[in-house]
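Fit chain B to the given chain A structure using the hints.
Spelled out, the chains give:
Number of protein chains: 2
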Amino acid sequence: MTIEKKGSVRVAILGLGTVGGGVYKTIQNNRETIRKRTGYEVEVTAILVRDLEKERLLDIDLALLTQNPEDVLNGELDVLIEVMGGLEPANTVISQALRSGRHVITANKELMAKHGAELLAIAEEHGAHLLFEASVAGGIPVIRMLQGYLTANRVKGISGILNGTCNYILTEMARTGREYAEILEDAKALGYAEADPTSDVEGYDAAYKLAILTNLAYDAKIDLRQIEREGITALQAADLELADRHGYAIKLIGSARESQGGLQLSVRPRLLPKSHPLANINDVFNAVTIQADVVGELTFSGRGAGEFPTASAVIEDLTALLTGESAIRRPVWKRIVNEGVYEPNTQPGAWYVSYCCRPEAAQQIEVEWLSAMLTQRAFVASREAVQLADGAVRQSWLVGGVGEQEVRVSLQWLYKTGAEATTAVLLPVEGEIEPGVEWRQPVSSLVEETDSVRHVL
Amino acid sequence: MTIEKKGSVRVAILGLGTVGGGVYKTIQNNRETIRKRTGYEVEVTAILVRDLEKERLLDIDLALLTQNPEDVLNGELDVLIEVMGGLEPANTVISQALRSGRHVITANKELMAKHGAELLAIAEEHGAHLLFEASVAGGIPVIRMLQGYLTANRVKGISGILNGTCNYILTEMARTGREYAEILEDAKALGYAEADPTSDVEGYDAAYKLAILTNLAYDAKIDLRQIEREGITALQAADLELADRHGYAIKLIGSARESQGGLQLSVRPRLLPKSHPLANINDVFNAVTIQADVVGELTFSGRGAGEFPTASAVIEDLTALLTGESAIRRPVWKRIVNEGVYEPNTQPGAWYVSYCCRPEAAQQIEVEWLSAMLTQRAFVASREAVQLADGAVRQSWLVGGVGEQEVRVSLQWLYKTGAEATTAVLLPVEGEIEPGVEWRQPVSSLVEETDSVRHVL
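Chains as they are written, first to last, in the UniProt record's numbering: chain A, 1 to 457; chain B, 1 to 457.
Treat each hint with caution, since some may be false.
Identical copies go unnamed one by one, so any copy, or any two together, can satisfy a pair.
As the list claims (entries may be wrong) - Simulated crosslink set (BS3-like; lysine-lysine; CA at most 30 Å straight-line): (1) K274 - K188; (2) K114 - K36; (3) K54 - K36; (4) K221 - K114; (5) K25 - K6; (6) K25 - K156; (7) K156 - K36; (8) K274 - K6; (9) K274 - K221; (10) K221 - K36; (11) K188 - K36; (12) K54 - K25; (13) K188 - K25; (14) K274 - K36; (15) K54 - K6; (16) K114 - K188; (17) K274 - K54.
No lab work stands behind these hints, which were simulated from the structure alone. This structure is a prediction, so every number in the text was calculated from the model and none was measured.
Same shape as in the complex, but just chain A (with noise of 0.2 Å):
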């Protein structure tokens, strides 16, 4: 790469938030491990902050830090960490330093997930780098996997927990039974969660993420509107308990597969089996699986977030610049998988369906239902039910062998008939699910397996 001064990288920063905080100590703190893996002295030249007037528990040299991007670009620079998120000032900043052929590390997972392939294609052309292993999974360095490792293999599939928000807020609930809105207070006095949260539990930054990675594993260009994307806000605490007892856990999941019709892409909550590489990955960890054609299923998982795990993907960055691993493989985003926007998959799958209802219409409601279902060559492969606080029960089934649109029609028709079923949930089950041995019988002989679970409840 070009460095002008030998031996001594300047850098710059834009953005001194959590991030950029934990960027500037890991410079500061790893000083001389990173002078004697690449020969570099590490140098910070400026700072770009929103407010010059904050207050910063940071021990920093106050002369560094500038309100003005020209500061940044006409000053000594070799190198711009962009750590402040958002589209702009970040692209247009970026933008010109590349064009500057300076190189461009960046934590920004909506920039690149929107314009990654026009600023990659700027960088080439001034031969500068952008890298932007910390725009996902924080310090987890799948970015580099699938850059610079899985070149022989062929990738069939990703999924990944994108979102340590979410994760944290599901873990808490399955693990105190307490609602999402309770939780997600509580995430945002441990920090875990932002003042308007609804990027993260709307699931539109596990989109981006996953953006990033299909870009890559596939060497595709993804509209972002080829995503489905479903947060978890309608999820209720019994739905945790629920799955549990089927065996599941839920978790917020980015899935990119490969399918008949091109590349199936969405963010979702989905039912894991126990046993499934990412249904034990907790809190705000996240966790990326990659399937692919000859080494089969590998997991990584880590913090995904916060200062210093995002920091370490920046750092790594930066050393991989100056020792010149970077150079090995650029990102080629140039095939095109779908234009347009997200079509529904009519595959039939595996479905959770629960709904709640007042106990003495559980029957009558469970019955017509089922009816519905079967009809449409269902088949059931557990139930579960819990009593709510307020005397309602919530109902919980595992389908199989049925299309997602045929049950949520039979959803919306149960409104119809049964008047009390409300806020129903609808989620996808990874791997395969058997016929309970009950639901083999036929539909008329359902009315008194009902009675039983009326006596669990």
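Same frame as chain A, but now just chain B:
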């Protein structure tokens, strides 16, 4: 790298067993992917086998096979792939290849653990590369991670499930309650264990791999005698059951930790809390957890052995060689941590102890042993017991606040006083444990407590 013929790389394979066959097939099947990603056509020019007459299931040109290493070394050769295992002739052939400037890729953990430093020095002297990703944890790119990724981070500790045979046996013992010897026979029938399983089940194989990982993580040359080593042959099925009741899984763990006296290295069965990232790695899967100062904890898991996972690691080393990525960071095995043999750790820790006895002797043995332990200022965190098929009981304890040596002494003493106690097991316990409430009481009150244990049995 130096490859004579542009656009084509000539490869010889030493060994055509499970892994060798996988390498050959992968080169054929993924030829197009490799060509696209590296620009090279891979040409297999020779395969060294032990027995030319052996029947091969593989679709292979028999003219490629030879029993004479000289044929390989004097033939057309850019890269030598060694997947035959054992020290000789592998060591000699690899040394000769490196001396003639040929690059070598090896899956040989014993060779790398015992002679890696010399071979890497020969490679360096002759401008050749020696790559060995396949020597540890099959297709999991942990070598690549330590060599090429964690450069700004300082590694603080490594622990891993490094032997698939042992992990399969322990998983099956826990799942079925069947004993070691029986499961070992299953493992042989399934091809998961060799006819002579000593290297696997006694922990030698895992110790080789631990030495290689430690070399890289700490830039240290490791003498295998510095690794405390204990296999899985003494474990009873009841121990897996008891550990489960205490809230733990038992796994054979290779572990390297920095301590005041230098590195503490061991391969031994350990109790891991069920929330530990390695506790849920089952069957023939391997996993490695790396603790580093900036990133925190990273875990990599995948298939640790078998035809294709190991072939994947070999082929990815080959593509790294062809794209120049292997030039990045050569391992530096210069620091010598400790010369001489392993010295036992005397630090207080947490321990699992179990022993068999006749039910009528249980109370007396328990009181005497506990008195000895409590005199040593140990505390008891929990106790569990199971009745065995022959009417004996197996009692187990989690004790803390005491060094391993003291527990070991108490067990020897136990043999003398309670003559019926046999086959005691002592294992380290990961994570913090706390005194169980009832054990804060003075020793004199324990006699009555033990009554309740006998009722439970």
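**Asked** How would you classify K221 and K36 at a CA-CA limit of 30 Å: within, between, both, or neither?
**Response** Cα proximity of K221 and K36: across copies only (19 Å, versus 38 Å in one copy).
**Request:** Using 30 Å as the alpha carbon limit, work out where K188 and K36 are close: within a copy, between copies, both or neither.
**Result:** For K188 and K36, the Cα distance exceeds 30 Å both inside one copy (40 Å) and across copies (47 Å).
**Message:** My question is about K221 and K114: at a cut-off of 30 Å on alpha-carbon distance, are they close within one copy, between copies, both, or neither?
**Reply:** within (10 Å within a copy, 47 Å between copies)
**Item:** Within, between, both or neither: K274, K188 at alpha-carbon 30 Å
**Value:** Result: close both inside a copy and across copies, 28 Å intra and 28 Å inter.
**Asked** Between the shortest in-copy and the shortest cross-copy C-alpha distance, which are at most 30 Å for K25 and K6: within, between, both, or neither?
**Response** within (23 Å within a copy, 47 Å between copies)
**Asked** From the Cα coordinates, with 30 Å as the cut-off, is the pair K274 and K6 best called within, between, both, or neither?
**Response** The answer is neither: 53 Å in one copy and 50 Å across copies each exceed 30 Å.
**Message:** Reference check for the pair K54 and K25, CA-CA at most 30 Å: within, between, both, or neither?
**Reply:** Within one copy only: 18 Å inside, 61 Å across.
**Prompt:** Can you tell me if K114 and K36 fall within 30 Å by alpha carbon in one copy, between copies, both or neither?
**Reply:** Classified as between; 27 Å across copies, 37 Å inside a copy.
**Message:** Regarding K25 and K156, is the shortest C-alpha distance of 30 Å or less found within a copy, between copies, in both, or in neither?
**Reply:** Between copies only: 19 Å across, 39 Å inside.
**Prompt:** Is it within, between, both, or neither for K156 and K36, if the alpha carbons may be no more than 30 Å apart?
**Reply:** between (39 Å within a copy, 17 Å between copies)
**Asked** What label fits K274 with K54 when the C-alpha limit is 30 Å: within, between, both, or neither?
**Response** Answer is neither; intra-copy 46 Å and inter-copy 44 Å both fail.
**Within, between, both or neither: K274, K36 at alpha-carbon 30 Å** = Cα proximity of K274 and K36: none, with 44 Å in one copy and 39 Å across.
When held up to the earlier numbered hints, the structure conflicts with 3, 8, 9, 11, 14, 15, 17 and fits the remainder.
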